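Put chain Y on the given structure of chain D with help from the hints.
Going line by line, the protein sequences match chains D and Y.
Here the numbering used here is used: the first residue of the first sequence is 1, the next is one more, and so on.
Here the numbering used here is used: the first residue of the second sequence is 1001, the next is one more, and so on.
Treat the hints with caution; some may be incorrect.
[Claimed, not checked] Sample of chain D residues with no beta-carbon within 10 Å of chain Y, all distances over it, derived:
| hint | residue |
| --- | --- |
| 1 | Gly89 |
| 2 | Thr104 |
| 3 | Leu132 |
[Claimed, not checked] Here are the simulated SDA-like cross-link-like pairs (lysine to any residue), alpha carbons at most 20 Å apart as the crow flies:
| hint | chain 1 | residue 1 | chain 2 | residue 2 |
| --- | --- | --- | --- | --- |
| 4 | Y | Lys1105 | D | Leu102 |
| 5 | D | Lys105 | Y | Gln1058 |
| 6 | D | Lys99 | Y | Asp1012 |
| 7 | D | Lys105 | Y | Met1011 |
| 8 | Y | Lys1111 | D | Gln58 |
| 9 | Y | Lys1010 | D | Gln58 |
Hints were generated in silico from the structure; no laboratory data involved.
Just so we're clear, the structure is a prediction, and the values are computed from it rather than from any experiment.
No residue lacks a Cβ here, since even glycine has one placed at the ideal position from N, Cα and C.
2 protein chains.
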Amino acid sequence: MLASSLKVNKMDISPDWVVGFIDGEGCFLIGISRNPATATGYQVLPEFVVARHRRDVQVLYALKRFFRCGVVRPDHSDRYAYRVRDLQGLRKVCDFFLKHPLKTKKRIDFKRFHRILTMIEQGKHMSLDGLLEIIKIGLSIGNQPHLKQVLLEIQQRLRAG
Amino acid sequence: MLASSLKVNKMDISPDWVVGFIDGEGCFLIGISRNPATATGYQVLPEFVVARHRRDVQVLYALKRFFRCGVVRPDHSDRYAYRVRDLQGLRKVCDFFLKHPLKTKKRIDFKRFHRILTMIEQGKHMSLDGLLEIIKIGLSIGNQPHLKQVLLEIQQRLRAG
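The shape of chain D in the complex, shown without the other chains (with noise of 0.2 Å):
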């Protein structure tokens, strides 16, 4: 009984559903935080976030079976956001949509973001030049205006020697 009410509450979604869904209403980001534990005192955080009202909280539970990673938890207001942060849930992500390209223009902001996570991938985050090269690249990805800030120190520590 319960199995079966589980079955009819699962969202079978297709690929073209799912890139036509994010060609609407996802997002990538580069959020970028001080940590003094690291070797350049900032960490990447590369970000895959579709954020809904609570209604359609089934919707995000789909994509994250879909995709196989990620958390769904509650976001502000009366939202809630499918969330994928670490770096293997992102190369699956991000392997998805090298397969089936987004339609709209977002297509360009995720070769960015793939571009930064591979760079991740590759240990460059590690360095003050590749860290620096990842927020310039970030910074080209829509409105993100907290890297504006680390770029600027960074530039500053790099002249500094």
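Relative to chain D, chain Y alone:
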């Protein structure tokens, strides 16, 4: 050469992509305007709209080709909108979403919208009673406060006989 360039610019979209994209970005709206030429003095204006930043105007044209109806026009600010307003076009759009159901709770809005379209096709909007029912359903589709005023006016007229 020209034909070949045009072909390059044409975007292929599949039914599943359309469902996913509309789950994120599509709106089913019920407008109403005063029109002394109609039997009731009002005109019901159902509308299917997708609006995007102008950088994605190509996607809107792809939707227009897909549904074989509607128009793409500049919207406010730096946005463009794909709009379907004529009944024949809206019938095509509705028939598509009856066959390929939306996954998000937007399908509830769609069902109400489709019910109104069917009532209009049956001519029910031409009586005050029918119009009242249409407006009540319209009010249940998200936030459409302009319908509220007309609802009150019609209720008053019906009470006055």
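Task: Non-conforming hints, listed in increasing numerical order - done: Checked against the structure, the hints that fail are numbers 2, 4, 9, while the rest are satisfied.
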